[in-house]
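Engineer: Take a look at the letters that make up each chain.
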Amino acid sequence: MHSDPNLYDFWPYRDRPKITWPGNKKVAFWVAPNIEFYELDPPVNPSRKPWGRPHPDIVPYSARDWGNRVGHWRLMEVMDEFKVRGSISLSVAMLDHHPEIIRACVERDWEFFSHGIYNTRYSYNMNEAQERAVLEDSIKSVMDATGQRIRGYLAPALTHTERTLDLLAEYGFWYSCDLFQDDQPQPLKVKGGNRLISMPYSLEVNDVITYGVYHQSPRAYADALMRHFDQLLEEGAETGTVMCIPLHAYLVGHPHRIGPFREALRYITSHRDDVWVTTAKEIAEFYMANHYDQSLADIARRGNARPGTGFNPQGGL
Amino acid sequence: MSILPDSYFTYAKRHAGPDHDHYPASPIIDRAPITLPGGSSLGLWVVVPLEFFPLNPSGQPFKAPGAMQTPYPDLRHYTTRDYGNRVGAYRLLKLFGKLGLRATFAVQGAVADRYPELVRDVLSDGHDICAHGWDTDSLHHSGLSAEVEDGYITRTLDTIQTACGYRPDGWLSPARAEGFATPARLAANGINWFADWAHDDLPTRFRTEAGDLAALPLSNELDDWQILINYTRPEHEWAAQVADAADWLLDEAGRFNSLRLLTLTVRPYVSGLPYRVKALGDSLKGVLDRARAAGVTPRDLTRALPA
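As they're listed, the protein sequences go chains A and B. Numbering follows the numbering used here, with no gaps: position 298 of the first sequence is 298. Numbering follows the numbering used here, with no gaps: position 161 of the second sequence is 478.
Take the hints with a grain of salt, since some may be wrong.
What the hints assert, rightly or not - Straight-line C-alpha distance at most 25 Å; calculated DSS-like pairs for lysine-lysine:
#1 330/B x 49/A
#2 415/B x 49/A
#3 330/B x 140/A
#4 602/B x 411/B
#5 330/B x 595/B
#6 140/A x 191/A
#7 83/A x 25/A
#8 415/B x 595/B
#9 411/B x 595/B
Simulated from the structure, these hints should not be mistaken for laboratory data.
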């Protein structure tokens, strides 16, 4: 166990080299619908109970199933209205359980990235072979079903091991949504020669946090989204920022919530002169090609580059 | 070192549809349109639980929402809940009478046993009733034997029938908790519809080993407990959310040319308080005043069930 993950170096927000998004846009904006499957009777991981009540815990289970039967279609309609392509945080088993949803996403050219196999199977206590099997399953299953090579990862239910990010780099992932340390991408310190970056996922404006943790009203959520955007737009004039809206149709798709959300999305996408409405993969690709080296050089110039890689502060094997 | 067995990485139910056999996948946008006699587009279904919270709950296998919280004897929570059955419920009955709204009261067996007059008053005011289990400490879960769970169900139905002469064919489980066998045991004991699951916005057919049930939609996200108690939002924010939901659903009903439902659970000990009941009344009136909005009953909803 370590007191510091050492996955990235300290990089003060002041006086960073400028990021300019394509078309001189100031904010790279992406939306991440979490399209998830939660099992009715999942096996138990000793580190975390899947459900609060004894199985079957039908209240939260059926609420999430509602997301796949009802909420998803409502959210997708709103995203279509404002021509926003989703970058899907996918429970990979959804490819099997709800191919009708996958087809609708493929038709719209939405991006898929892996969010584990089920959101009721946690990474805690996995050995390396087991964790590799999950990544290999994710890459192959999404490729077989959609033809897409996934390049991003958000660990299932935000559960990790110390080796998760090293493995992502080894398997050719470009970005991880697992770290919430910044509003700009940053190179991650991983083993091997492959590049992996941290993609801002804006966890604080995730609807799970808004509703499940902060217990906000839908209109307050919409207001927060617009203020969050206004601030990142203002700062984006100095150096390009990233805003993500992580969503769950089983929450935001309810009829008392989707209307205010729609107004927030209308507001944000009405600034297209300044906003690159895109996907996480396109942000990662552009950043790695144009700003990755610049970021590393600036961190080094400030004397902030520490040795080693994640959970391996001395370096070496 | 891993302590996860290989079985953690086998996925026996990774196939098309849900990971159970009660209903198939069915995206709502592909459903056949539902229409009600009278042609309303937005159905308002209001469910009022009449619950008994024992002063000495076992809390097994978990403590029901609203159950006693302080050390025994928790007179504070016992009496605030009892207030609901003595005062709050009558305040709601008066409100519904004024609005001309026919609601569904979910009655626990222990309430029918203790306060049969209340159950009779609900019926004589023209409302529907369904069974709501025995009490909030008689929770349905997979640890119950068939004998015990059947006993909870039949004792509840028998007691309600004794109190008011009517044997319910609808069911809401206490705390909406079920064991794996609960739906089949409900069907085997004469229940035709239940509202425990919140997997859909419209009525769906729910298969069990003892025959089909009608699963009526009942939201957990917009009710008085979720918004006022769990989320601690003020009443005006709740009213705004109900209004926003009604607007959205009516618009959707028009676009899909099909009924949409606004379902709302209101608890007498929550919404029946003096400072809340007017907000509830204004909110319900606001929904019902919309063109093509009307109250619906379980009978309307079970008749709308797709074949």
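Engineer: Taken at face value, is the distance from the CA of residue 49/A to the CA of residue 415/B at most 25 Å?
Structural biologist: violated, 47 Å
Engineer: Are the Cα atoms of residue 330/B and residue 49/A separated by 25 Å or less?
Structural biologist: holds, 20 Å
Engineer: Regarding the pair residue 602/B and residue 411/B, is the alpha-carbon distance no greater than 25 Å?
Structural biologist: holds, 14 Å
Engineer: Are the Cα positions of residue 330/B and residue 140/A separated by 25 Å at most?
Structural biologist: Within the cut-off at roughly 19 Å; holds.
Engineer: With a cut-off of 25 Å on the C-alpha distance, tell me whether residue 415/B and residue 595/B pass.
Structural biologist: Holds. Residue 415/B to residue 595/B sits at ~12 Å (cutoff 25 Å).
Engineer: What's the verdict on residue 83/A and residue 25/A, does the C-alpha distance respect the 25 Å limit or exceed it?
Structural biologist: holds, 17 Å
Engineer: Verify the proposed pairing of residue 330/B with residue 595/B, using a straight-line Cα cut of 25 Å.
Structural biologist: Answer violated: residue 330/B to residue 595/B is near 48 Å, above 25 Å.
Engineer: Would the hint linking residue 140/A and residue 191/A be met if the CA-CA limit is 25 Å?
Structural biologist: holds, 23 Å
Engineer: Can you confirm whether the C-alpha distance between residue 411/B and residue 595/B stays at or below 25 Å?
Structural biologist: Distance ~11 Å between residue 411/B and residue 595/B Cα, so the pair holds.
Hint check: violations occur at hints 2, 5; the rest are consistent with the structure.
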